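Engineer: Could you put together the complete structure from these sequences and hints?
Chains as they are written, first to last, in this note's numbering: chain A, 1 to 118; chain B, 1001 to 1113.
Don't read these hints as lab results, they were simulated from the structure. Among the hints, erroneous ones may be present.
[As the list claims (entries may be wrong)] Straight line, CA to CA, 25 Å or less: simulated SDA-like cross-link-like pairs of lysine to any residue:
id: 1; chain 1: B; residue 1: Lys-1057; chain 2: B; residue 2: Pro-1008
id: 2; chain 1: B; residue 1: Lys-1105; chain 2: A; residue 2: Asn-70
id: 3; chain 1: B; residue 1: Lys-1059; chain 2: B; residue 2: Leu-1003
id: 4; chain 1: B; residue 1: Lys-1070; chain 2: A; residue 2: Asn-104
id: 5; chain 1: A; residue 1: Lys-14; chain 2: B; residue 2: Gly-1040
id: 6; chain 1: B; residue 1: Lys-1105; chain 2: A; residue 2: Lys-14
id: 7; chain 1: B; residue 1: Lys-1056; chain 2: A; residue 2: Lys-14
id: 8; chain 1: A; residue 1: Lys-66; chain 2: B; residue 2: Gly-1040
id: 9; chain 1: B; residue 1: Lys-1057; chain 2: A; residue 2: Tyr-58
id: 10; chain 1: A; residue 1: Lys-14; chain 2: B; residue 2: Pro-1039
id: 11; chain 1: A; residue 1: Lys-20; chain 2: B; residue 2: Lys-1057
id: 12; chain 1: A; residue 1: Lys-14; chain 2: B; residue 2: Glu-1041
id: 13; chain 1: A; residue 1: Lys-41; chain 2: B; residue 2: Thr-1048
id: 14; chain 1: B; residue 1: Lys-1057; chain 2: B; residue 2: Arg-1036
[Claimed, not checked] Stretches of chain B that chain A covers, calculated by requiring three or more beta carbons in the stretch to come under 8 Å of a beta carbon on chain A:
id: 15; stretch: 1025-1033
id: 16; stretch: 1036-1043
id: 17; stretch: 1072-1082
[Claimed, not checked] Computed far set for chain B versus chain A, every beta-carbon distance over 10 Å:
id: 18; residue: Leu-1011
id: 19; residue: Gly-1052
id: 20; residue: Gly-1053
id: 21; residue: Val-1055
id: 22; residue: Lys-1057
id: 23; residue: Leu-1061
id: 24; residue: Gln-1064
id: 25; residue: Gly-1066
id: 26; residue: Ala-1068
id: 27; residue: Asp-1099
Predicted model only: the values in this text are computed from it and were never measured. Every residue, glycine too, gets a C-beta built ideally from N, C-alpha and C.
Chain by chain, the residues:
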Amino acid sequence: GAVVSQHPSRVICKSGTSVKIECRSLDFQATTMFWYRQFPKQSLMLMATSNEGSKATYEQGVEKDKFLINHASLTLSTLTVTSAHPEDSSFYICSARPVGQGANSPLHFGNGTRLTVT
Amino acid sequence: TQLLEQSPQFLSIQEGENLTVYCNSSSVFSSLQWYRQEPGEGPVLLVTVVTGGEVKKLKRLTFQFGDARKDSSLHITAAQPGDTGLYLCAGVDSGGGADGLTFGKGTHLIIQP
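Structural biologist: In structure tokens form, the structure reads like this:
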């Protein structure tokens, strides 16, 4: 149980275009999902918290107008990288925790999306 | 800001050897999680340690939480090529990130056959 599906797993786009990444909780509901960015051989860096039905909360240094987050339902959050540039190339990962589970309970991670901007 | 120092950052050893990965902090955590991540995939939870001094075993992997709940270790016995991956420790506390976690920088482990 507690599966998080992320799509697409890989995407290549041209500089200046936008890319949407989906994060779905398949067998549970999540009022909050989290988006991370991971550079090669580095740990996860939290980018933003996606809140169902309200605005996302962004970490310091993350441009909210560049990384648009929508959490329209209890099972789906989307991250749109707008006007992508080569420096946005990275591995993006989402995570979610089932509704009702406390902060000590583990997060369930998606399999990540490898974004390459040419 | 809480910090979780993880070491070593990179480790390459031969199959059959033993190894230990450490996570240390000056902060107290309510619990600590260990994840393993393979290339191109998301992290997968291995174990959560909650009680100071707790030891948990997962086959050849032994996880320990320090008595003061500030540090943890992961010991792998007789490492195998299938153990290759990125190991992440994550401290759980309200003082961490919005996700409640403070991640270590990870240990890249390569087990050579």
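Engineer: Would you mind marking each hint as holding or not holding in the structure?
Structural biologist: Verification of the supplied hints:
A hinted pair counts as satisfied when its Cα atoms are at most 25 Å apart, and B/Lys-1057 with B/Pro-1008 qualifies at roughly 21 Å. For a cut-off of 25 Å, the pair hint linking B/Lys-1105 to A/Asn-70 is broken: about 28 Å separates their Cα positions. Distance check on the hinted pair: B/Lys-1059 and B/Leu-1003 sit about 29 Å apart at the alpha-carbon level, beyond 25 Å; violated. Pair hint B/Lys-1070 plus A/Asn-104 holds up; C-alpha atoms about 16 Å apart against a cutoff of 25 Å.
The hinted pair formed by A/Lys-14 and B/Gly-1040 meets the criterion: a straight-line CA distance of about 21 Å does not exceed 25 Å. Between the alpha carbons of B/Lys-1105 and A/Lys-14 the distance comes to roughly 31 Å, so the proposed pair goes past 25 Å and is violated. A hinted pair counts as satisfied when its Cα atoms are at most 25 Å apart, and B/Lys-1056 with A/Lys-14 does not qualify at roughly 47 Å. With a C-alpha separation of about 24 Å, the suggested pair A/Lys-66 and B/Gly-1040 falls inside the 25 Å cut-off, and the hint holds.
The straight-line distance between the Cα atoms of B/Lys-1057 and A/Tyr-58 is roughly 37 Å, outside the 25 Å bound, and the hint therefore fails. Proximity of A/Lys-14 to B/Pro-1039 is assessed by CA-CA distance (about 24 Å); at most 25 Å being required, the pair is judged to hold. For the hint linking A/Lys-20 to B/Lys-1057, the alpha-carbon distance of about 40 Å lies beyond 25 Å, and the restraint is violated. Taken as a hint, the A/Lys-14 and B/Glu-1041 pair is honoured in the structure, with Cα atoms around 24 Å apart against an allowance of 25 Å.
At most 25 Å may separate the alpha-carbon atoms for a hinted pair to count; A/Lys-41 and B/Thr-1048 meet this at roughly 23 Å. Taken as a hint, the B/Lys-1057 and B/Arg-1036 pair is honoured in the structure, with Cα atoms around 15 Å apart against an allowance of 25 Å. Residues of the stretch 1025-1033 of chain B lying with their CB closer than 8 Å to a CB of chain A number 3, which satisfies the three-residue condition for coverage. Three residues within the 8 Å Cβ limit are the bar, and the stretch 1036-1043 of chain B against chain A gives 4, so the coverage statement holds.
For the stretch 1072-1082 of chain B, the proposed coverage by chain A is not satisfied: 0 residues have a C-beta within less than 8 Å of a C-beta in that chain, short of the threshold of three. The Cβ of B/Leu-1011 lies farther than 10 Å from every Cβ of chain A, with a closest approach of about 13 Å, so its non-interface assignment holds. Separation of B/Gly-1052 from chain A is adequate, the least Cβ-Cβ distance of about 14 Å exceeding the 10 Å criterion. Every Cβ of chain A is farther than 10 Å from the Cβ of B/Gly-1053; the closest lies at roughly 17 Å, confirming the non-interface assignment.
No beta-carbon of chain A comes within 10 Å of the beta-carbon of B/Val-1055; the shortest separation is about 19 Å. Consistency note on B/Lys-1057: stated as away from chain A, and its beta-carbon is indeed over 10 Å from all of that chain's, at 18 Å minimum. Distance check on B/Leu-1061: its Cβ is at least 16 Å (rounded) from any Cβ of chain A, clearing the 10 Å threshold; non-interface status holds. Separation of B/Gln-1064 from chain A is adequate, the least Cβ-Cβ distance of about 18 Å exceeding the 10 Å criterion.
Taking the minimum C-beta to C-beta distance to chain A, about 17 Å, the non-interface status of B/Gly-1066 holds against the 10 Å cut. No Cβ of chain A comes within 10 Å of the Cβ of B/Ala-1068; the nearest lies about 18 Å off, and the non-interface call holds. A cut-off of 10 Å between C-beta atoms contradicts the statement that B/Asp-1099 is not in contact with chain A; the least separation is 5 Å.
The structure is inconsistent with the numbered hints 2, 3, 6, 7, 9, 11, 17, 27, although it conforms to all the rest.
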